[in-house]
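Enquirer: Single-letter residue listing:
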Amino acid sequence: MNDQGKTQQTDAEQGKYVYCIIKTETPRHFGQIGIGGRSDRVYSVHFNEFAAVVSNCPLIVFDPTRENALSHEHVNELVMKDFTVLPMSFGTVFRTEDDIKAFLRGTYEALSDVLQKMEGKIEFGLKVNWDKDQVIREIETENEEIRRLKDEIASNTTTSTYFSRMQLGRVVESALQAKADTFVGEIYEALRDAAIASRSNKPIGDKMIMNAAFLVEREKTKSFDDQISDIARKYEHKLSFLYTGPWPPYNFVNIRLKLERAER
Amino acid sequence: MAVERAPGGSSLIDVLDRILDKGIVVDAWVRISLVGIDLITVEARVVIASIDTYLKYAEAVGITGTVARPALSPGEGATTVGTTTTSKAGVRRP
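Line by line, the protein sequences are chains C and S. At position 59 of the first sequence the residue is numbered 100 (the numbering used here), and the sequence of numbers has no breaks. At position 36 of the second sequence the residue is numbered 43 (the numbering used here), and the sequence of numbers has no breaks.
Pulled out of the complex, with its shape left as it was, chain C reads as follows:
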């Protein structure tokens, strides 16, 4: 079966890489798009009504290289076209199909519960950035206390302006935070009816004020798109939007598993 890599790796142990869990009793193939660049076939391994989507792979710890990460995601995206998926996190390898079936049996109740909750739903990502310097300039003209402090610092030539400058920094910082909260609050509010749930992740870097994921009914994709477009128009010269998806519901499925040695 495994004729590839017969040079030095003939005896390298083989495993099964797991991409996601779906609900189907019908065996499926998803093409030769398996992780690891060997064109391994992606197929389903079944236990009752659940199936793990897997491919053969060497029994190794996979590094999240660009190629590997995108392979993992690509399979998920393809499967997602036909199924509601519960995505596995990157790098999950089992030894045998029997191990996978045992895993599906062991997590059966959790999978039933979570899969039912995710049925027909997909995830979208929304990152929102602002031009911080421009916002600071705006704040400086709007905010009376900031204007006063700046004047005070500029006109004071005799004594130390240390405390005034400290205070100015604090006031600007809290005005910025208030402004970000207002934007973010308005955006969440505008999307509330179009989404089932949302998750707020930590913004990355200085410019980002919002890093969110939304769980949306697949059938309501269009109206969610429209809402995002409306928002983007509304804040056209103030904010920029990075809108991505559909994703498997990574941000809404959190099943943590441990393996324990059983008593003999």
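Bear in mind the hints are in silico, worked out from the structure with no lab data behind them. Since the model is a prediction, treat every value here as computed from it, not as a measurement.
With a straight-line Cα cutoff of 30 Å, these simulated DSSO-like cross-link-like pairs (lysine-lysine) come out:
#: 1; chain 1: C; residue 1: K64; chain 2: C; residue 2: K299
#: 2; chain 1: C; residue 1: K122; chain 2: C; residue 2: K142
#: 3; chain 1: S; residue 1: K63; chain 2: C; residue 2: K248
#: 4; chain 1: C; residue 1: K122; chain 2: S; residue 2: K63
#: 5; chain 1: S; residue 1: K63; chain 2: C; residue 2: K64
#: 6; chain 1: C; residue 1: K243; chain 2: S; residue 2: K63
#: 7; chain 1: C; residue 1: K275; chain 2: C; residue 2: K261
#: 8; chain 1: S; residue 1: K63; chain 2: C; residue 2: K261
#: 9; chain 1: S; residue 1: K63; chain 2: C; residue 2: K299
#: 10; chain 1: C; residue 1: K248; chain 2: C; residue 2: K173
#: 11; chain 1: C; residue 1: K299; chain 2: C; residue 2: K142
#: 12; chain 1: C; residue 1: K162; chain 2: C; residue 2: K263
#: 13; chain 1: S; residue 1: K63; chain 2: C; residue 2: K275
#: 14; chain 1: C; residue 1: K263; chain 2: S; residue 2: K63
#: 15; chain 1: S; residue 1: K63; chain 2: C; residue 2: K162
#: 16; chain 1: C; residue 1: K173; chain 2: C; residue 2: K191
#: 17; chain 1: S; residue 1: K63; chain 2: C; residue 2: K279
#: 18; chain 1: C; residue 1: K158; chain 2: S; residue 2: K63
#: 19; chain 1: C; residue 1: K220; chain 2: S; residue 2: K63
Given the structure of chain C, go ahead and fit chain S onto it with the hints provided.
Expert: What follows is chain S alone, placed relative to chain C:
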């Protein structure tokens, strides 16, 4: 100007942000032990440490960033909804 939706796989950062620690996560220790120790094929149990589906809408103002944060690791203050389903995982080799 309308904003375009970029397909999931088009940004590596967004991909990594999701696949590395979200979804169904098997303890990293297991992945490592796969290679060295013959653990999963020895009798072992798959234990669910925590489950959460985050099916709530973030209350935006003021508490963004604290709402529905992912559990860092099992048992670390995770909002655990259901727990402990156990079973034998693995088939003993002859």
